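*Asks:* The residues making up each chain are set out below.
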Amino acid sequence: MERRSFLKGFGAVTACAALIPTITHAAEEAKKVTGPNEMSMESAIAAITGGKPVTPSSKVSLSAPEIAENGAVVPVKVSVESQMSANDYVKAIHLLATKNNNVRCANVYLTPANGEATFGTRIKLGSTQDVLAIAEMSNGTFLSAKQNVKVTIGGCG
Amino acid sequence: MRKLPMCTALFSLALCGMLNAEESMSMNAADKAMYAEMLENNPAAMDVAEGEEIFNALIGQEAYAKMLGIKVKDLPKTVAGFPRFVKAANKVVTLSQSLQMAMADRGHPVPKLESNEIIKMTAHVKSLANDQKINIDVKANKQMQEMVVLGQKIFEERRGGRGLSCNSCHSPDIVGSRLRMQALPDLGAKETASAATWPAYRMTQSAMVTLDKRMQQCMKNALLAELPLGSKEMVGLEVYVANKAKGNPIQIPGLKR
Amino acid sequence: MKTLIKIKPNSYKVGDIVKVDFMAMHPMESGMRKDKDTGQIVPAHYINEVNFFFNDKVLTKMITWESLSVNPVLSISLKVSGAGTLKVLAKDNKGESVETSAAITPKG
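Protein chains in written order, with my numbering: chain D, 1 to 157; chain R, 1001 to 1257; chain H, 2001 to 2108.
Hints are computed from structural coordinates only; laboratory data are not their basis. Treat the hints with care, since some could be wrong.
Under the rule of at most 25 Å between Cα atoms (straight-line distance), these lysine-lysine pairs were calculated in the DSS-like manner [to be verified]:
id	chain 1	residue 1	chain 2	residue 2
1	R	Lys1133	R	Lys1032
2	H	Lys2079	H	Lys2008
3	D	Lys77	H	Lys2002
4	H	Lys2079	D	Lys59
5	D	Lys91	H	Lys2008
6	R	Lys1142	R	Lys1153
Keep in mind it's a predicted model, so treat the numbers as computed, not measured.
Bound-form chain D, shown alone:
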């Protein structure tokens, strides 16, 4: 099925020599979206779009529970309609939690090899808020979808 190897520190560096160029590219991408963790929503979006407009679109599906049982583990799934071909694909899916201290949850850079533009994970939400997904298309446009998630303090303890 799968085998695991654990590498730490220098071991990781030597084993991944071939991967270094791609990793530093990620670091460059990170710089674009990096800033103090407590970035405002506007700054976070500007860092992603470079100021270009973001258009809400039904091509972006964001699914998250309407009422989250608990804010610590909220399942979120994003999928964007796209043929994911070499010249028409979703370059990135950005997931943001509008009221979290750090609004950024994940910046996912896809390739046509994904076949489908999907991303799923679980996030922490500190309070009831909108979750926002921004899709960066290969033609340079930005599409979005958002959903409100109610975070409850349910039950007894």
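Assemble the complex: chain D is given as a structure, and chains R and H must be docked to it using the hints.
*Replies:* Chains R and H in isolation, oriented as in the chain D frame:
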């Protein structure tokens, strides 16, 4: 900040009768499906995998089965019957306690019931019984009969500053009514089957928790003195609660709020 | 850091799109939580980069933040182009890094 005794609300609830379960507060079908899907990638999955590593390194199925007086192939069925009377202990023990016994048997220092090793090994060993129906037999012998009676007594006993018992929230009359947006669960019902779905990942604790620990957490919130893990009363309580869920398939690890 | 890769479904052909779930055991501390016992802030400790490769070619690169839940799962799709190795490299803000592999074995 001292936790507000929200169970005063419960106390008046018990006096005033049932609350209506408002539709807007119920989890809709789509949300339910999302949480069910989370079980596929349970946050506790790797804790269970670690439990397997620890168990296999320190005890192993052969030695464990031998201590229980059974064959390795009968482990799933036997595990599905805990808490049970174990001859080697001459008393009724929980799955976790049986692992403590096995550790001692193998010459290892015995970890506490609340230790990570015991919690993870408990989850792994119980997961060997996944899909097996809980087959606890409270009539098996005198000791089991004694423990289920004790368990029921504890379940129904009002204690603590608010005079609450387990029954205050979990009796058949009150299950379904809401306490802070969540329906009070019937511990034996198919949808809950507590004994079949703990150890579970508790979202509020960000950790995997065992059934007896969960009961302690519940006692704490109801302002009842926590019964010590492994005490006769706690074991009796677990026998009673497991018996409620008899016939339900085991699914470890669970996922709970 | 303990990790796990799951491919779903477990039987597929070339051309199929499979789901890849990568799970890591990690506290994902936001750096905002106070330890109940010590009263001190628990320093931020979270996975901040996860890169997926198929046969050493970049499949997906991710920058992840402390808003992800404890023991996070990251799910993406993979269009099966042939047999090979899926490799995931995960790194956290303290510099610990883990490499995990899974075989991609299409039938026919």
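*Asks:* Each hint: holds or not?
*Replies:* Right, here's what the structure says about each hint:
| no. | hint | result |
| --- | --- | --- |
| 1 | R/Lys1133 with R/Lys1032 | 24 Å, holds |
| 2 | H/Lys2079 with H/Lys2008 | 12 Å, holds |
| 3 | D/Lys77 with H/Lys2002 | 24 Å, holds |
| 4 | H/Lys2079 with D/Lys59 | 20 Å, holds |
| 5 | D/Lys91 with H/Lys2008 | 23 Å, holds |
| 6 | R/Lys1142 with R/Lys1153 | 17 Å, holds |
Against the hints set out earlier in the document, no violation occurs for any number.
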